[in-house]
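Undergrad: Sequence:
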Amino acid sequence: MTDSPELASRRIAVIGAGIAGLSCAVHLQAAGLHPQVFDKSRGLGGRLSTRRGDTWQCDHGAQYFTARHPAFRVVVEAWVAAGMAAVWQPRLAVLGDASSHRPDPTLARYVGTPRMTAPAHALSQGLTLRTQSTISELRRTAQGWQLRSAETGWLDELFDAVVLALPAPQAGTLLAGHSAALSSVVGSVRMRACWAVMLRFDESVNLSFDAAFVNSGPLRWIARDNSKPARGGTETWLLHATTDWSDAHVEADPDTVTAALEQEFVRLGGTTATARAAHRWRYAEADAALAIGHAWEPVIQVGVCGDWLQGGKVEGAWLSGLALAQAITRPDTP
1 MTDSPELASR RIAVIGAGIA GLSCAVHLQA AGLHPQVFDK SRGLGGRLST RRGDTWQCDH
61 GAQYFTARHP AFRVVVEAWV AAGMAAVWQP RLAVLGDASS HRPDPTLARY VGTPRMTAPA
121 HALSQGLTLR TQSTISELRR TAQGWQLRSA ETGWLDELFD AVVLALPAPQ AGTLLAGHSA
181 ALSSVVGSVR MRACWAVMLR FDESVNLSFD AAFVNSGPLR WIARDNSKPA RGGTETWLLH
241 ATTDWSDAHV EADPDTVTAA LEQEFVRLGG TTATARAAHR WRYAEADAAL AIGHAWEPVI
301 QVGVCGDWLQ GGKVEGAWLS GLALAQAITR PDTP
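Take the sequence shown: its position 120, counted from the start at 1, is 120 in our numbering, and no numbers get skipped.
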């Protein structure tokens, strides 16, 4: 807890309930501040996402995460101890040119349990959340920052600071006219798309692996989702297209995308699915993620965080949120 009454009274709007935003909010709250998290979706976690039906589920965003930084390893170990994450040990293959990707056999790959969203829900415990609230505009007043929701208009609450835990292009839209420095940071990053296709089967698909890095054609990753810990039931496979293919087909009809990627799955040895669905991640990853951790402008009390500022990946998102929270709560911060 902070010893500063002035700091403890501060209200922070955190826009984005992915891992970066939740990490930032958790650490702000631990320091005695009052974060409120907004997200346009019904759920939490951003790309830590799972699609579900009556008898099936499929992680269609991040497929697993790693923990290299000591601070993040402590958090992941707590998730594992609480049953919210587990190590996934798939039979891994490399299809195509194996020299372009050699998976580390010693690497611990973690997944959320019973679904990928579990770590986000663990982080969200005790936070004030407003889901299905699309923040479309920021307005700076003499009393603080005001937010406009696309669903309800200008919100009555005023905030002392704003955290944008969003993909760079979405953060850039909200920053327009407020900060040339932050706009320059987000404008320097190119975000790439990724099409995801979920395939469901009545019987097990006869492939000798549970997941594969694909180094040729439109696919870059395929995985038997029900091979992950705490899954079961319907045989489900996830297909991720390459960023080049996804960018080239970003506005394509989902049925057309699904047919093309399922055909490629069959070419790789799979079979035709009994049911299928597609999801487009317009801002899946940075073309070249930055390594600055976060960006904070204390004069106007606005900052940005996200995996695209910390090397990419789930761990990078968590570390970026932590770094921004530390900047906001630093004693010498105006």
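It is worth saying that the hints were derived from the structure and are not from the lab.
Treat the numbers as computed from the prediction; the structure is a model and nothing was measured.
Just to be clear, a hint being listed does not mean it is correct.
[As the list claims (entries may be wrong)] FRET-style restraints, in silico, Cβ to Cβ:
1) F209 x T106: 27 to 35 Å
2) H34 x P331: 12 to 20 Å
3) A81 x D287: 33 to 41 Å
4) G269 x I292: 19 to 27 Å
5) V250 x V74: 19 to 27 Å
6) G43 x W154: 36 to 44 Å
7) G217 x A82: 53 to 61 Å
All residues carry an ideal CB built from backbone N, CA and C; glycine is no exception.
Undergrad: Could you tell me whether the CB distance from G217 to A82 stays inside 53 to 61 Å?
TA: Cβ of G217 to Cβ of A82: about 40 Å, so the range 53 to 61 Å is violated.
Undergrad: Using the Cβ atoms, figure out if G269 sits within 19 to 27 Å of I292.
TA: With a Cβ separation near 42 Å, G269 and I292 fall outside 19 to 27 Å, so the hint is violated.
Undergrad: Is 27 to 35 Å respected by the C-beta to C-beta distance linking F209 and T106?
TA: violated (18 Å)
Undergrad: Does the Cβ-Cβ separation between V250 and V74 fall within 19 to 27 Å?
TA: violated (38 Å)
Undergrad: Using the Cβ atoms, figure out if H34 sits within 12 to 20 Å of P331.
TA: Holds, at about 18 Å.
Undergrad: How does the Cβ-Cβ distance of G43 and W154 compare with 36 to 44 Å: does it lie in that range?
TA: violated (25 Å)
Undergrad: State, for the Cβ atoms of A81 and D287, whether the hinted interval 33 to 41 Å holds or is violated.
TA: holds (37 Å)
Violated hints, in rising order: 1, 4, 5, 6 and 7; the structure is consistent with all others.
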